[in-house]
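Residue-level listing of the chains:
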Amino acid sequence: MEQGNKKKNAAAKDKRQKLVDATMRRHGHSPYALIETLHTVQEVYGYLDDENLKYVAESLRVPLSKVYGVATFYHFFTLKPQGEHTAVVCTGTACYIKGVPGILSALREKFFVEAGETTEDNKLSVLTARCIGSCGLAPAVVFDGEIAGAVTPDIVVERVGRLLEQ
Amino acid sequence: MTPEEFNKIGEKHRNKRDEFTHNIRVCTAAACATLKSEEVKKAFEKEVKEQDKKKTCRVSGTGCLGLCASGPLVTVNDGQALYAKVSVGDVKDIVNNIDKKPVKRLEIPADTPFFARQTKIALENCGTTDPESLEDYLALRGYESLYKVLTEKTQVEVIEEMVKSGLRGRGGGGFPVGLKWSTVYKALGDKKYVICNADEGDPGAFMDRSMLESDPHSILEGMAIAGYAVGADQGYVYIRGEYPLAIKRLRAAIRQAERNHFLGKNIFDTPFSFNVELRLGAGAFVCGEETALIASIEGKRGTPRPRPPYPAQYGLWGCPTLINNVETLSNIAPIFRKGAEYYASIGTEKSKGTKVFALAGSIKNTGLIEVPMGITLREIVFDIGGGILGDKKFKAVQTGGPSGGCIPEQFLDMPVDYESLAGVGSIMGSGGMIVMDETSCMIDVAKYFMDFCKSESCGKCVPCRVGTAQMHRLLVLISEGKASMRDFELLEELCDVVKSTSLCGLGMTAPNPVLSTIRYFKDEYIAHIVDKVCPAGVCVMESKEEVVL
Amino acid sequence: MSSSVNIITLTIDEKQVGARENQTILEVARENGVEIPTMCELKGLTPSGGCRMCVVEVAGIPKLLPACMTTVSEGMVVTTNSERLKKLRKNILELFFSERNHICAVCASNGFCELQLMAQKVEMSHVHYPYLYPHCEVDASHNRFVLDHNRCILCTRCVRVCDEIEGSHTLDIKGRGIEAQVITDMDQPWGDSETCTLCGKCVHVCPTGALIERGMAVGEMSKRKQLLPYLTQMREVKT
Amino acid sequence: MKKLTLATIWLDGCSGCHMSFVDVDERILQVAEKYDIIFSPLVDVKEFPEKVDVTLLEGAISTDEDVEMVKKIRKSTKTLIAFGDCAVTSNVPSMRNHYDLKDVFKRGYLETSTDNDVIPDEMLPKLLDKAYPVHHFVDVDVFLQGCPPSADTIFYALVEIAEGRTPELSKRARFG
Chain A
1 MEQGNKKKNA AAKDKRQKLV DATMRRHGHS PYALIETLHT VQEVYGYLDD ENLKYVAESL
61 RVPLSKVYGV ATFYHFFTLK PQGEHTAVVC TGTACYIKGV PGILSALREK FFVEAGETTE
121 DNKLSVLTAR CIGSCGLAPA VVFDGEIAGA VTPDIVVERV GRLLEQ
Chain B
1001 MTPEEFNKIG EKHRNKRDEF THNIRVCTAA ACATLKSEEV KKAFEKEVKE QDKKKTCRVS
1061 GTGCLGLCAS GPLVTVNDGQ ALYAKVSVGD VKDIVNNIDK KPVKRLEIPA DTPFFARQTK
1121 IALENCGTTD PESLEDYLAL RGYESLYKVL TEKTQVEVIE EMVKSGLRGR GGGGFPVGLK
1181 WSTVYKALGD KKYVICNADE GDPGAFMDRS MLESDPHSIL EGMAIAGYAV GADQGYVYIR
1241 GEYPLAIKRL RAAIRQAERN HFLGKNIFDT PFSFNVELRL GAGAFVCGEE TALIASIEGK
1301 RGTPRPRPPY PAQYGLWGCP TLINNVETLS NIAPIFRKGA EYYASIGTEK SKGTKVFALA
1361 GSIKNTGLIE VPMGITLREI VFDIGGGILG DKKFKAVQTG GPSGGCIPEQ FLDMPVDYES
1421 LAGVGSIMGS GGMIVMDETS CMIDVAKYFM DFCKSESCGK CVPCRVGTAQ MHRLLVLISE
1481 GKASMRDFEL LEELCDVVKS TSLCGLGMTA PNPVLSTIRY FKDEYIAHIV DKVCPAGVCV
1541 MESKEEVVL
Chain C
2001 MSSSVNIITL TIDEKQVGAR ENQTILEVAR ENGVEIPTMC ELKGLTPSGG CRMCVVEVAG
2061 IPKLLPACMT TVSEGMVVTT NSERLKKLRK NILELFFSER NHICAVCASN GFCELQLMAQ
2121 KVEMSHVHYP YLYPHCEVDA SHNRFVLDHN RCILCTRCVR VCDEIEGSHT LDIKGRGIEA
2181 QVITDMDQPW GDSETCTLCG KCVHVCPTGA LIERGMAVGE MSKRKQLLPY LTQMREVKT
Chain D
3001 MKKLTLATIW LDGCSGCHMS FVDVDERILQ VAEKYDIIFS PLVDVKEFPE KVDVTLLEGA
3061 ISTDEDVEMV KKIRKSTKTL IAFGDCAVTS NVPSMRNHYD LKDVFKRGYL ETSTDNDVIP
3121 DEMLPKLLDK AYPVHHFVDV DVFLQGCPPS ADTIFYALVE IAEGRTPELS KRARFG
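For the protein sequence lines, the chains are A, B, C and D, in the order given.
Heads up: the first sequence begins at 1 in the numbering used here, then just goes up one per residue.
Heads up: the second sequence begins at 1001 in the numbering used here, then just goes up one per residue.
Heads up: the third sequence begins at 2001 in the numbering used here, then just goes up one per residue.
Heads up: the fourth sequence begins at 3001 in the numbering used here, then just goes up one per residue.
Just so you know, the hints here were simulated from the structure itself, not pulled from any lab data.
It should be emphasised that the depicted structure is a prediction, and the values quoted were computed from it without experimental measurement.
Each hint should be verified, as a subset may be incorrect.
[As the list claims (entries may be wrong)] Ranges between beta-carbon positions, derived for each pair:
no. : chain 1 : residue 1 : chain 2 : residue 2 : range
1   : C       : Leu2117   : D       : Ala3032   : 33 to 39 Å
2   : C       : Gly2060   : D       : Lys3003   : 54 to 60 Å
3   : D       : Pro3049   : A       : Arg108    : 49 to 55 Å
[Said to hold, decoys possible] Calculated from the model, a selection of chain B residues having no Cβ within reach of chain C, i.e. all distances over 12 Å:
no. : residue
4   : Gly1189
5   : Arg1378
6   : Tyr1418
7   : Glu1480
Glycine is no exception: its CB is placed at the ideal position from the N, C-alpha and C atoms.
Here chain A stands alone, though its shape is the one from the complex (with noise of 0.2 Å):
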């Protein structure tokens, strides 16, 4: 059962090496198709873990350092794992005016997670997003991808609390 799994792993780690490997040629393994490189790692892998972080490095003969750097300087790419699910809170204008203070600290009441953080359990990541261009249904949040408008803190919880309980 559990060579099974691991083999499954093997491949499926190989299928999303080859995506990865996919772009750096696209790009002719140019340094210059780093952040292009490091989009498609953090699309097929959640996030960008060191071992990927060097293997691109080595793949695009960038130095390690610089890789490091653009990485941590684009607040799009994360380089930790996400918990099962998502909230992500737009912090734009339009929401911030209409209520995302509230919002947060709902969820810091009733999930005991801070932005940017994600739950003791791995259950949950509470992310901020800079204005994710919903403004018209401000104050919007995307759970697990799904965008929802116009929602109040009630909502947000009621919303995260149905998300946990799949």
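Based on the hints, put chains B, C and D in the right spot on chain A.
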């Protein structure tokens, strides 16, 4: 390709479209999509099939119709009827009445100020095409401007036309587009680039997003025309990674255009070749700055470098590079279709044409609008925007995001153009317009923007890196009732230091929200500092305990 | 190529001077005995333009320009030392001091520190902005060098010398804004770095006590940055 | 010429600046020609005087008592000199500033103590969250940097002030 051959393409698609008596378009741009417009669209498809009207009714998705607050939006026959807040349950009624009078309870009358007061050029096709269909774009005379330009005009003529149109950069700075093009055209270099800046970073702005999601081909066409004018054969769209739908549609559009030879080698059998590639931004506001954007495309940390030299001379990989933003580029094809004179006839003396705004905040009709330059703020807020939510009292409108300022009531009748906005301490910016009512605290707003600038500062230059951190700290102290008048003086002084000495536009404009709120709402600062109260009731004062300052 | 360089004239602080057209304002000023304060600039390294100490006024241009990266042009009128510039420089330097924990009295570079000396030069008597007092680590894992983030001003001289002269690019910057920090490789202890060649150039170009040799006590760490132009020249000859 | 009055005091400092002052050696006689030292750790007066012309204030402001004191000094003093780096920048006392106060106490009274492991809560002045430079609380007229400032610089500054001039310190004093 001969003109006849080209005209046939558009005609073919127009005929195809006209085979249907009814065109039902469901808005599938971001806001409506959030409100499950895809389900509504599916329901329409099902209903049309069940009622056996497939031959006469065409159901398609379309780009942003503008009135995001009332989504999902549906139009029948491009404006014959417009329906708001359509749910799956309403679909049957609409299809039943498609040959008769519109369904009253859902209908928004065409003469509603929100629509009647707008002039659509950049957003011309938003809501009348399926953004995923090249055919739709061609039916609306898409790529006709590119054809005309490539076959009838020299590079210099194209640039002259741009100068004549009076179009100015819509990304914020308002630099004359014709002049920029001509600088790149004149710059020496074998290789030149065109970059579309789609890294819309202003919190509270979603114009670029809507345009990319609603009408991607017009941006590609604009880029190709720009490429021809300046002598570039390669274009990049630097687009926010946070906009997955826009990325998807743009990718699809590039593929369609390549396949149909509107991009690629020898476009329309002319010697001109032009390719477009996407580069994904990764969440750095500073990459809206031209030199930082270039660094990012080169795969580096997005830190700016001092200008001059300007990218027009020394840009991507050291080559002359033209950078225009999404709205600027989406104006290009319409200008060549309708003529520079037409475009220049709209707007004011120094600010020609139209401007797209993302209207948000405490306002009834949130959404995307395009208005002629020179319109007053009052018309935007109270006529088009429908006034303040809950009929509260208007307090200020914020334009230009973190680089702009808060404009108070006394300037509501001021015309909206580059110079007027700058004159009152704000900027045109990319078009975010956030309306605030009496429940917003101006110190809280200033603090919000400073927090933004602090976390978006790239850290390269000291005034911006440390200055924004210092200013944010002072604003926090003020908002908590812990500051003294000496802190207030420090804040004012820091504004000057950061504004005068920062390396790039981010730092140079970061103090603007603070400066404008000090200018117009100084009494609120005084209330927080001296009386330890927040007049709007937003800030929580931690006072009581003795303040040792 | 070099023979075709044009000679131009410009004015620096009301003095007419001649220059080659590809020179920077800073270079021309120095050649003519006009001193412009700099922090991040170092002869032999690509200029960065980040410290803003060298900003000058150029007639006709509303914004201030960094002398280290602005090339001269015919007829340019440059002011390097107006009252306004003096005040702004002092303010910028205060921001430098307020950012991290610069405690000169207990610093290995005390007496040899460019930041410390700059305070004297621009007559900064005290820091009137609140100090930020961040918590910074000291990386003493390397067997020859120490990296003390408390003293770092992020001038990136070390990053540039490591990349441009030594060619190992062990150092870079992570994060951004006020959170930015110098790192070695993947933000790991310097001692674990596989790419560091132990050349020590970073230590000697560092203007403050952020990079020092191990075992140096207060006031013992003098730097030998004067070697750098020579190394740069050697590299240029090679390539 | 009427002599000026001089007070010297140290708050959160090591007294090194005062030692340096003593290092003016025989020049103290010249100082004495221009100043009457009316308050100082070196003289036996308990209350800070109501009126004084010049005060040399050594040390950072670290406790609630320091805050009271510095306000009182400011009120009584015509020319207040932040005397030495601790007064100007908070210097060495500020090395605790990036730690939580609780941790500072723990380190100071528990972890490093050999006996009597208690954190004193009475009798002692209340420590502020941070050690602050003098100008954080009151206006300062002259900043005299150095850890410590040299005797020459101190002497120069006192003479200049006595002569009614503003001392030019940038070329004579520096941090550290």
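Legend entry - Numbers of the earlier hints that this structure fails to satisfy, in rising order: none
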